[in-house]
Amino acid sequence: MKERIKQGIAVVKKVEVKELDFGNDTDLIEEVGLTSIQIMNLIFYLESEFNIIFDDDDLDLENFQTINNIEKVVNKQHV
Amino acid sequence: MYNWALNILTNQSPDRIYLRSPSRNISFKDLLEIIEENKTFLSKSAISETRVLAIMDQSIKSITAFWLLWSLDNCVVPLSTSSTAKEIIALSEKVKSNWLFVPNVKKLPKENLENFVDGIFTLNSDFKFEIIKSPSKPSEKVKGCGALILKTSGTTAEPKLVEHSGEALFLNAKNHLLSLKRIPENYSLIVLPIVGAYTITAQIIGAAIDGSCIELSEAQVFYPKEIFKQIQKRKIKSVYLVPTQLKTLLNYRYLSKYKLDSLVQICIGGDFINEANNKSLKELLPNADIYNTYGLTEAGPRVLTNGYPINGLEVKVLEDGELCVKGDSVITEYFEAPEFCEQTICNGWLHTGDIAVIDKSGRIIIKGRIKNTIICGGYNIYPEEIEAVLNELLPKRSFIIKPKKDEMYGEIPVLQITKDNNPPITLSAVHSYLTNLLNPLKWPKEIQIVDEINKGETGKMIRK
Chain F
1 MKERIKQGIA
11 VVKKVEVKEL
21 DFGNDTDLIE
31 EVGLTSIQIM
41 NLIFYLESEF
51 NIIFDDDDLD
61 LENFQTINNI
71 EKVVNKQHV
Chain G
1001 MYNWALNILT
1011 NQSPDRIYLR
1021 SPSRNISFKD
1031 LLEIIEENKT
1041 FLSKSAISET
1051 RVLAIMDQSI
1061 KSITAFWLLW
1071 SLDNCVVPLS
1081 TSSTAKEIIA
1091 LSEKVKSNWL
1101 FVPNVKKLPK
1111 ENLENFVDGI
1121 FTLNSDFKFE
1131 IIKSPSKPSE
1141 KVKGCGALIL
1151 KTSGTTAEPK
1161 LVEHSGEALF
1171 LNAKNHLLSL
1181 KRIPENYSLI
1191 VLPIVGAYTI
1201 TAQIIGAAID
1211 GSCIELSEAQ
1221 VFYPKEIFKQ
1231 IQKRKIKSVY
1241 LVPTQLKTLL
1251 NYRYLSKYKL
1261 DSLVQICIGG
1271 DFINEANNKS
1281 LKELLPNADI
1291 YNTYGLTEAG
1301 PRVLTNGYPI
1311 NGLEVKVLED
1321 GELCVKGDSV
1331 ITEYFEAPEF
1341 CEQTICNGWL
1351 HTGDIAVIDK
1361 SGRIIIKGRI
1371 KNTIICGGYN
1381 IYPEEIEAVL
1391 NELLPKRSFI
1401 IKPKKDEMYG
1411 EIPVLQITKD
1421 NNPPITLSAV
1431 HSYLTNLLNP
1441 LKWPKEIQIV
1451 DEINKGETGK
1461 MIRK
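The listed protein sequences correspond, in order, to chains F and G.
Going by our numbering, the first residue of the first sequence is number 1, and it counts up by one from there.
Going by our numbering, the first residue of the second sequence is number 1001, and it counts up by one from there.
Since the hints were derived computationally from the structure, they do not count as laboratory data.
One thing to keep in mind: the hints can contain errors.
Pair ranges (Cβ atoms, derived) [claimed, not checked]:
no.	chain 1	residue 1	chain 2	residue 2	range
1	F	E47	G	E1275	41 to 51 angstroms
2	F	K6	G	K1235	15 to 25 angstroms
3	F	K2	G	N1380	46 to 56 angstroms
4	G	K1235	F	Q7	15 to 25 angstroms
5	G	N1278	F	D25	51 to 61 angstroms
6	G	K1257	F	K76	10 to 20 angstroms
7	G	R1397	F	I52	14 to 24 angstroms
8	G	Y1379	F	D55	30 to 40 angstroms
9	G	I1132	F	K6	30 to 40 angstroms
Built from N, CA and C at the ideal position, the CB exists for glycine as well.
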């Protein structure tokens, strides 16, 4: 799943996955530099990729700030 | 000795909270104490009456730094956190500054900036200035330097620099406030980057003049849910937005879950708000005053509130429809580029580059920008006019009308729209909708689907 999430980050950042050199706990805003629009596009991407719809409770910003956090919130939807 | 910034801060009730964030509150008294504690450091380091580049994030430290630097008659040259080393170095050379302020060392660009920027300093967790890198030579004092230097692309094709004095910023902020209904005990949320003229005058300086409290978000990005949570929890009364942000907020799918009725004042600036979003906002917050404001960096920046000029400014519309403005906060020349003044400033009148009409009640209605005009087969098309009509058809979509070179017509209008979860839109559906609403000459001739529409630092969509 982490790879699919990373693919989504690459799509919204318009770069190749191999260019993304950071860990699963790296802050996607502070350290990777995702912008507001990129985060929102990432949310749309994840919903489409995993066929889910996030609830309002899931949409806290911190849930999308690291790959590990994103994995948790996506898994929550799959349960 | 008189200092415009200290004059504003000392006129306020000392115990009133001026800055509030989830981690720290700062009253006017606290701010004056922080200034006093840092004065010696700044003077010793020759950071007075000089120009200082400053990477400004959405933090209390950044706003505090503005006032600290202003209190010693420095001119702040704000930069966004996404600035590259190349941009910083070019700007430092242009404004002849050898100091760079960063609110947090992590905000320094990852590139090897230290070899190029002479001196770097920050504010530590106790709000004391700390030198990260000493400059090789003391900074030059600039007699009578302004308080703020900003980039602008407002009235000329290439970005220029504009320098405003503290007095001009004060006047513009004060007159902007006078054009709004005063809110007692106001809590004003900052969501726009604090590097633009609008936020710096209307919110940072305006709140200090008015005794309002500025609320800052810990989130360093514009994120609808965080904004709604903050408005609800902190009982925010006023907010300043650009239309793209407003649209993003109105489109949040769980918007109705939030109680936002503490909001009594919404100021929209930076671009043209469309009727559909205006209507949605009024339905959402029937008791709030919505102000459509218009300005440009060269003017200080505020010029109009709901179509009427603010105090201290004169406006006129020329025969060809161009809006001109004159007044104390309007620049007399561009920073070290007097040659550009001939194009834009004539006998004190700043030619805004915007097309306007005056309605029967004397209200000025901005129709579009001259430089945005698409000349299609000799016919002038204002993209803003097409966008205003299409907003009814595409209320929840992010789109823009752009020019495209065309062999036959010279330029044609194209509709650029983002790829999102909405069903795709066809050109025939757009044309069918526009029948009887808009002259067919103005219809978009093509649709371009894009991942996102390019935006500037303040969130404005870039048209060309």
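*asked:* Going through the numbered hints above, which ones does this structure break? Give me the numbers in ascending order.
replied: Violated: hints 1, 2, 4, 5 and 8.
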